[in-house]
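**Q** Heads up: the protein sequence lines correspond to chains A and B, in order.
So the first sequence is numbered by the working numbering: it starts at 1 and just counts up by one.
So the second sequence is numbered by the working numbering: it starts at 1 and just counts up by one.
Be aware that one or more of the hints could be misleading.
Pairs count within a copy or across copies, as identical chains cannot be separated in the list.
Cut-off 30 Å, straight-line C-alpha distance, at most; resulting in silico cross-link-like pairs (BS3-like, lysine-lysine) [to be verified]: (1) K494 / K483; (2) K238 / K2; (3) K3 / K16; (4) K117 / K297; (5) K343 / K397; (6) K343 / K360; (7) K343 / K398; (8) K2 / K411; (9) K3 / K238; (10) K239 / K403; (11) K95 / K16; (12) K2 / K292; (13) K31 / K186; (14) K411 / K3.
Don't read these hints as lab results, they were simulated from the structure.
Protein chains: 2
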Amino acid sequence: MKKSPLQIARAAYQPKMPASIQGATKLVEGKATVSVADQAEIEKLFPNTYGLPIVTFEKAQAAMEAKAINVGVILSGGQAPGGHNVISGIYDGIKSINKNSKLYGFLGGPSGLVDHKYMEITDEIMDEYRNTGGFDIIGSGRTKLEETEQFDKGIEICKQLNINAVVIIGGDDSNTNACVLAEYYKAKNTGIQVIGCPKTIDGDLKNEMIETSFGFDTATKVYAEVIGNIERDANSAKKYWHFIKLMGRSASHVTLEAALKTQPNITLIGEEVEAKNQTLDDVVTYIANAVKARADKGLNFGIVLVPEGLIEFIPAIKKLIAELNDMLAANQAEFDTIAADEKINYVVSKLSAENAALFKSLPASVSTQLALERDPHGNVQVSLIETEQLLAEMVAKKLAAWKKEGKFNGKFATQHHFFGYEGRCAAPSNFDADYCYSLGRVAALLISSGKTGYMSSVRNTTEPADKWLAGGIPITAMMNMEKRNGKMKPVIQKALVKLDGAPFQYFCSKREEWAIETAYVYPGPIQYFGPAEVADITTLTIQLEHGKKVE
Amino acid sequence: MKKSPLQIARAAYQPKMPASIQGATKLVEGKATVSVADQAEIEKLFPNTYGLPIVTFEKAQAAMEAKAINVGVILSGGQAPGGHNVISGIYDGIKSINKNSKLYGFLGGPSGLVDHKYMEITDEIMDEYRNTGGFDIIGSGRTKLEETEQFDKGIEICKQLNINAVVIIGGDDSNTNACVLAEYYKAKNTGIQVIGCPKTIDGDLKNEMIETSFGFDTATKVYAEVIGNIERDANSAKKYWHFIKLMGRSASHVTLEAALKTQPNITLIGEEVEAKNQTLDDVVTYIANAVKARADKGLNFGIVLVPEGLIEFIPAIKKLIAELNDMLAANQAEFDTIAADEKINYVVSKLSAENAALFKSLPASVSTQLALERDPHGNVQVSLIETEQLLAEMVAKKLAAWKKEGKFNGKFATQHHFFGYEGRCAAPSNFDADYCYSLGRVAALLISSGKTGYMSSVRNTTEPADKWLAGGIPITAMMNMEKRNGKMKPVIQKALVKLDGAPFQYFCSKREEWAIETAYVYPGPIQYFGPAEVADITTLTIQLEHGKKVE
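Next comes chain A alone, as it looks inside the complex (with noise of 0.2 Å):
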């Protein structure tokens, strides 16, 4: 295989991890834990993981001579930087503490466990994929672990092959059903433990003891890279308004961490549009007094920044989705008879008054789409609309309107993208390329400790890594009850932006002066050699969250 002089360079590199497991390593056990809410529930639902004490791992006099173990791993969901650095540390991890201990990656996700379908890990194969981007190594998938039959299958293929440990690297539901899996085999007795580490992106999987889930850094700067460029390309043509669609569709972290480290002149945290209970027409309005303002200064360019889920956060849209899809379902034989180009009007003649309204003022490509297009299920497809063109052109028709009234005298012209793909894949940064080989290595540690229904942890990430403290937390410590297809089940809970957080806060504290001004920041392609500032330092999220100044 044909490699980029980069990739060969980076094969090379040896991620750093904390002291305290660097060689001899001893466990200590902290103060038993409760879950974040609904203790009595998540208690009687796991009655064998749940308050089980935090551990942490510190340096030991001796090392010990321990068996050997073998794990099968697991990559669950979408693609994160960095999931090839987790295996690898797992990998070093286990054949640092017995060489003869073995790893096994379950292929093509949870289903892999389910089918038997699965490979042994060599020195071979793991070394054209150390530093590097994707889950190519054993692929993903998304199949959900969730009822015994599947857990009884995974039994049967851990006893063939002998595995002591099952880890899961996954995002908040898979980390869930990790812990429902500890929880089965632990109380059948099957001495098969289950790990989970923390992979997202979208950077909604923290809390006070998970710092951040990996992948987040990585993508957060290839966005920012692009937004950078795209800001001084806006900043020197001086002729467009950029709007910029970043993946997030359940939180704008994302959004967020690319604002705090570009500062373009407009920023949507869908979270707050929720809280505020804002209309299509607050945002769009928020927007075009912007421009206005800018346009006001000479300045016809700029640069808006929108989270993906951004319509599924307003609220009065929530409400207009579910009556369309409560109305066309009501109303599915009648509207099948419809012509064509009678059924847009059909839909606002169904409608209440206040929907209807809604549903007339979106642009005719996105009403058509909303119409006409629905999933198998018959749902509508919000997940289709493209957001960042809807605003620009709602944003577009406003300043048009207000041109006529004399009220805006300046040009918007627009150029749109989306980014996610772009980032999701990426080779790990340095942060994450460490973050990841570390949680390996304590997800080896925790299992050769036989511990089950943790998760792997590394904290104190906005100092060096020689100072970051290694340990696990009991997966139930996160949990709470949430309705989930009509049912109440333990899940953990998602971490959403606060918008009393330090990061939202201090965005908040400057956006004023970066919508008027041209305040933009360019942080440049991710930096793999180099000095410590610039290529080892993490997100500003969490540096804010840690009480670090950011100026």
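Once you have looked at the hints, place chain B on chain A.
**A** Frame of chain A; chain B shown alone:
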């Protein structure tokens, strides 16, 4: 102004330059030149700047103190990484010749010269922009310097500021105009010299003496980074064909270089499509065949690179556009009376059978746009066609037909991307930082040597920078006569992709393998630090053109 850590680190970078121009330098005159074609006409049009010798700069024994020179610099046309370094090269060059030299920047492009808008560049200003992307130091513009009235306005301001020379940093057209200006100033005995510098990310301003236009290296590195990331995602998720359009309307160099760097499955080269007289259906069938071949191997994912100008390279589409323009112009009054939903049928009824069939074969969104959206001159707007989406839709349609016939059994889901603005203003790579700085230093030497009508030339760029060759090329030597707006004009010959050239030939020797196999290469982001083979190497296009092995 807040700066990112990389901006701060990068400001300290000292660009490398040819050893021959470090310290005392002498000018060596080479052979007299002739234009690449139409010698008699070009000589007649440029009596004062035709037939000049190529010049090179070589190390001299002792530096001579030269008199102070005042220079005015102009950025012309689209942004390209490295423009600020050309300016810092001129600045340091003229200051090193005599510390009382002054550099003026004409603001907002060539119109700054005509309208007398300028600023003096000081140490403080210059240091803010060293090694940065963008053209924001003095702004750029697209005004063409073609009229003697403009030239005379230029004389006024040069006399007023005591400017000895104007440096025009631009593409082929801007350098053509630089030469016309040089001829005019020489003929009028103004004593004002004019020097050009070769800029464009498109890579289409090059020849034997100009190895590359600046910005091409950096821009293609940015595009290759994100294409590589998307390839890794495709190869991990294994569910999408990504259609990626890249900037480059007149030539496909950017797409070819990106393909050489990343080895995608399918790469379309406009020059080949035109030379082979391919139809849109030929192109669609070519892609569909590759999709089928990969699907037969179980690979339902891939990458297609499309140059922005592809659609205009297809001879049949060119004919359709020409007939559409003529037909709509001839029938404007009647067309305006046709009801909106009848306009398409009207257009079809008026076209020749061949063009009507092609028009009808286009997706509705494209045919509607061609028929209804016209520019201020009444022409159809080919540039608005989203070629990557057009191809994805047409390939999907063909595969659906093949599926019905039992010829195709795979899956075909697509994503599309357009990369352009992401690369135009990136901070220059080490190569572009060094190359541009050297071009600027050489421009200063050409001015100090009394030359006019020359383009700054830095060659031997596949070797380390200290071995680069510095000199100047008479711009008339690059010219031929071409028809522009109905009239024959002297212009610099545009460098299209040569189908018998080494870069294209290498690509041809590999593309069948790349189409079927997953042979992706992941270049990763531009590195400014680290090993020279990672940080300093330039494009594969240049390397292949110079007979280097690239395996």
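**Q** None of the hints should be skipped; say for each whether it holds.
**A** Structure-based check of all given hints:
In the homo-oligomer, the alpha carbons of K494 and K483 lie at most 30 Å apart inside one protomer (13 Å), although the nearest pairing across protomers, at 64 Å, exceeds that limit. Within a single copy, K238 and K2 get their C-alpha atoms only as close as 41 Å, which misses the 30 Å cut-off; across copies the closest is 20 Å, which meets it. Both within a single protomer and between protomers do K3 and K16 lie at most 30 Å apart by alpha-carbon distance, with minima of 24 Å and 27 Å respectively. Taking the shortest Cα distances, K117 and K297 sit within 30 Å of each other only across copies (19 Å), while inside one copy they are farther apart (62 Å).
Taking the closest pair of Cα atoms, K343 and K397 come within 30 Å of each other both inside a single copy (24 Å) and across two copies (25 Å). Taking identical chains as interchangeable, the C-alpha atoms of K343 and K360 lie at most 30 Å apart whether they share a chain (13 Å) or sit on different chains (25 Å). With identical chains, the CA atoms of K343 and K398 are at most 30 Å apart both within one copy (26 Å) and between copies (29 Å). For the homomeric pair K2 and K411, the shortest alpha-carbon distance between copies (28 Å) is at most 30 Å, but the shortest distance inside one copy (48 Å) is not.
Only between protomers do K3 and K238 lie at most 30 Å apart by alpha-carbon distance; the minimum there is 20 Å, versus 39 Å within a single protomer. For the homomeric pair K239 and K403, the shortest alpha-carbon distance inside one copy (18 Å) is at most 30 Å, but the shortest distance between copies (46 Å) is not. Within a single copy, K95 and K16 get their C-alpha atoms as close as 18 Å, which meets the 30 Å cut-off; across copies the closest is 46 Å, which misses it. In this homomeric assembly, K2 and K292 come within 30 Å of each other (Cα to Cα) only across copies, at 25 Å, whereas the closest approach inside a single copy is 51 Å.
For the identical chains of this complex, K31 and K186 are intra-copy neighbours only, at 21 Å inside a copy versus 86 Å across copies, given an alpha-carbon limit of 30 Å. For the identical chains of this complex, K411 and K3 are inter-copy neighbours only, at 29 Å across copies versus 46 Å inside a copy, given an alpha-carbon limit of 30 Å.
Hint compliance for this structure: no hint is broken.
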